[in-house]
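Let the hints inform the model, and build the full structure from the sequences given.
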Amino acid sequence: MVKCVSSFLLFSLLSVQAMSAESHIDLHQPKDFVDITTVAPDVQVDIRYFTSHNFIGRPIKGYNAPVCLLTRPAANAVKQVADRLRPLDLP
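Count the sequence shown with mature numbering (1 follows the signal peptide of the UniProt record, and there is no 0) and you get residues -20 to -1, 1 to 71, in order.
Careful: at least some of the hints might be erroneous.
[Said to hold, decoys possible] Pairwise CB distance ranges (calculated): (1) Gln9 - Arg38: 22 to 28 Å; (2) Asp12 - Ser32: 27 to 33 Å; (3) Ala57 - Gly37: 17 to 23 Å.
[Claimed, not checked] Below are the SDA-like pairs computed for lysine to any residue, each with C-alpha atoms no more than 20 Å apart in a straight line: (4) Lys59 - Thr18; (5) Lys11 - Asn44; (6) Lys11 - Pro53; (7) Lys11 - Asn56; (8) Lys59 - Phe13.
Just so you know, the hints here were simulated from the structure itself, not pulled from any lab data.
None of the values given here were measured: they were computed from a predicted structure.
Just so you know, even glycine gets a beta-carbon here, dropped at the ideal spot from N, CA and C.
Here is the structure:
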């Protein structure tokens, strides 16, 4: 359930703006945005538009990194939900 709720929230709030340069990923994120894994490291993200595992069967142009960037308030809200659901030990 935590995965489902977190995935839904992350999918709904997803905003990825990234560029790949040579062999490393250089994120050009807006000043007020954070990577969700820096706020809630245990939240699992599934950035399907970055992979071919999505509704069109190939990566979507513009999704150059499997990163979920959110505003700080949105990231904090996702963390609060995850923290409240964790004790329920849902699959």
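Verification of the hints:
The given range of 22 to 28 Å is respected by Gln9 and Arg38, whose C-beta atoms sit roughly 24 Å from each other. At about 31 Å, the beta-carbon gap between Asp12 and Ser32 stays in the expected band of 27 to 33 Å. As the Cβ distance of Ala57 to Gly37 is approximately 32 Å, the hint placing it in 17 to 23 Å is violated. Pair hint Lys59 plus Thr18 holds up; C-alpha atoms about 10 Å apart against a cutoff of 20 Å.
Straight-line distance between C-alpha atoms of Lys11 and Asn44 comes to about 19 Å, which keeps the hinted pair within the 20 Å bound. This hinted pair checks out: Lys11 and Pro53 have alpha carbons roughly 13 Å apart, not beyond 20 Å. The straight-line distance between the Cα atoms of Lys11 and Asn56 is roughly 16 Å, inside the 20 Å bound, and the hint therefore holds. A C-alpha spacing of about 15 Å is found between Lys59 and Phe13, which places the hinted pair at or below 20 Å, so the restraint holds.
Consistency with the previously given hints fails for number 3 only.
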